[in-house]
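Engineer: The whole structure should be built from the sequences, with the hints applied where relevant.
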Amino acid sequence: MATDRRKFLKGTAATAAFTAAPGVITARAQATKKDTVKAVLHGDLKVFDPIWTTANMTGNHGLLIYDTLFGKDEKGVPHPQMVEKYGISDDKKTYTFQLRDGLKFHDGQDVTSADCVASIRRWAARDAAAQHMFRRVSDTRIKDDKTFEIVLSEPYGLVIDALGKMETNLPVMMRKKDAETDPNQQVTNKIGSGPFKFNETDTRAGQRYVYDRNPDYKARSEAASGFSGGKVAHLERVIIENLADQQTALAALKAGEIDFYETPPLDLLDQLEGDKNIKLEVLNKGGNVGMCRLNWLHPPFDNVHARQAMLHLIKQEDILQAAFGNPTYFKGCGSLFGCSGNMQSDVNTEWFKGGQNIEKAKELFKKAGYDGRPVTVLQATNIGFMNNAALLIAQWLQQAGIKVKLEASDWGGVVTRRAVKKPPNEGGWNIFITWGSGEGFNNPVSFLAHTANGGKGWFGWPKDDLHEKLKDEWAAAPTLEERQAIARKMQDNAWNFVPMAVLGQWAPPVSYRSNIQGFLPIPAHVAFWNVKKA
Amino acid sequence: MIAFIVRRLVSTVVVMAIVAIIVFLLLRLAPGDPVAIVVGDNASPDQITAVRQRLGLDDPLIVQFFRWAGRVLVGDLGISIFSNEPVSKLIAQRLEPTLSLAVTTIILAVVLAVTAGVLAAWKVGTWLDRTVMALSVASFSVPVFVVGYILIYVFAIQLRWLPVQGYQPIADGVVEWFRHLVLPSIALGLAYVALIARITRTAMLDVLAEDYIRTAHAKGVATGPVLMKHALKNAGVPIVTVIGIGVALLIGGVVITETVFNIPGIGRLVVDAIQYRDYPIIQGVMLLFSGVYVIVNLIVDLTYTLLDPRIRT
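Those protein sequences? They're chains L and B, same order as listed.
Counting in numbering that gives the first Met the number 0, the first sequence runs from 0 upward without gaps.
Counting in numbering that gives the first Met the number 0, the second sequence runs from 0 upward without gaps.
Quick caveat, the hints were computed from the structure, so don't treat them as lab data.
Heads up, a few of these hints could be off.
As the list claims (entries may be wrong) - Each computed EDC-like pair below joins lysine to aspartate or glutamate, with the alpha-carbon atoms no more than 16 Å apart: (1) Lys330/L <-> Glu316/L; (2) Lys314/L <-> Glu349/L; (3) Lys103/L <-> Glu83/L; (4) Lys88/B <-> Glu199/L; (5) Lys488/L <-> Asp463/L; (6) Lys455/L <-> Asp45/B.
Structural biologist: Printed below as a string of structure tokens:
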């Protein structure tokens, strides 16, 4: 039988169509496996050392593969985690810790005191809370394989609190040889002793990060709560996908291609709210607190009256509404410590209760001797909250008679420029917008934005000796009530010297498929232990 | 012919050298410092200095440039500042998704567009011509990401025929590989379909008005051979030119399409690198893109000589 070219082409096309059609027509979005959770978190995982960086993405990685000596429960109370028991000497200067039995790193080695001491020292080189504590630490010594001590030069009330801290830099326990890496360099190994193991083979940098259940992990018997209790891994695998586009991430969640999306944009939540297959839940109850950093080194904010003017100038609700839309998930807040933790109060917040007062702001700028030079506002255009807040603040400043120069760039540009201490017309700045976690704001010692030690401190470089003294008193206070009393004094003082202006608080929900349960409410991170999938 | 190719290859090296210098300088002059991002919020000035020294970013620009250029000449694109992985390895990991997307898009665009353009020219002034031209204008006017979202909504969310996002390597199965490329290829390819279809129509209309086409018809040659054999080949030069331009434009489109459809290709790699100011990755990818651009142009020039023998002389 002769076959010409036309017949051959027709036959080939028909065969191809016949073969492919069922696949194409019946194709359905692939649901994820029952023992696997695919999650899209708020960014990409660039650094793998949770002691080295403050990035919460790295904190999430750290919680999966590492463990901590102590963990705070969802009320913020620290409990032993890797530690079996601990004791405090009568003079309150020596803390003795004994590790639990059966703790092993993912390479099979036992976790020892030497690993923990090296990890604590590494953490002390990187973390603000640890550094505050280590100013009083005279020795960290190994008693035996399972016992070690932290010896203080004077009593310090926050040792256990700091070792169980839930904000980055996380005090995770690494192998001694990893922890002894130069603190200026990242640890690139991913060997921890936590409930999940990092799977190098299936991970694709920039695309997906794969974690498998650690069968050798010995979970505590207590119920999981916050970072404390039994970290039982019910899932065989956790895959963290790097999916940058928000709309696509929502579509993938609706189609069941991913199981969890940490940061669904608030203006698109209505796409999820009516879907019975999707749950919305606020896991990070404290959320974030916005701040307007003022540069103390240059006019006009080197003058206290100009800084006070900013308190009266800003209308938090407008900024929050512009950025987040749905008032269910945000609120105004006048406390220096955010409005979700146990340090919040309304001491000295008349400026907040009185609402926006442009005339008052104008009067205070005049009192500050404003000389007409432009105020440089750094505007991170790629982050909605920062962009909107910068634009609104610029508008209000203009209404108060202040000349404004908006400097638009992406956040990377702001990160670089905010470190410049030169005057604004030489590459410096007057105002930039950022935020911190509600949990962080609640802690005067570990939160960098609460420093007021001048040029050595955080961007803006506020300076107030009383504030720093009160911070030390807060850290030394033995009870919560005493700390709260000191926090009220700090706030009373702070809203007089004005280290920064606050821009309200927001706590957006996470979204996940309704066949998943067990996500724990913890601040700023996502825990994958305790999570089950039907 | 060989001399022509050699001349073009030499000019390719010169172009890439110029691109390398411009990309290097642009990155260094743009606001943003990878060290500030690497070290994080609580780094002391000493720590910042230490990291800057370790990365060699405290050296004069000229020293940094020649150090990088020297490595590039021996095939070393450097190490990513953030992931500490070799840039060539990161690019190699991302090459397959990008190539897959680009090749399927080009095939789709060329087949659809040339067919539509030829048909529109053949049936000029009819509803077919007007429909093709109207669709071309619409396709060219709607941004890639809007087309992408519409396709996702219809075919992935509502009909559930195709996946929303992601990429499956071809080694894991051709069907899944293809299914993951259908929507991105259509989204990316529509603008090129429009562009190529319009040029094809115009070029074909010019050729169809030539005497030799009338002669072919008079001699009784069937319409198909007249269109494809006599007309299309002679209309080929502008069509090949616009396909070449399309391939170059594709580089920009790939960046957006890979982001919308979460395809872990080179476009995503460079977008992430720009956000983090990961200089070695940005420089490496830009060099690669410029090389592709120049080589595509070389291939287009060579194709002219095949289509029109007069150009060879």
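Engineer: Determine for every hint whether it applies to the structure shown.
Structural biologist: Right, here's what the structure says about each hint:
no.	hint	in the structure
1	Lys330/L <-> Glu316/L	holds (7 Å)
2	Lys314/L <-> Glu349/L	holds (14 Å)
3	Lys103/L <-> Glu83/L	holds (14 Å)
4	Lys88/B <-> Glu199/L	holds (15 Å)
5	Lys488/L <-> Asp463/L	holds (13 Å)
6	Lys455/L <-> Asp45/B	holds (12 Å)
Figure legend: structure checked against the earlier numbered hints; every hint is met.
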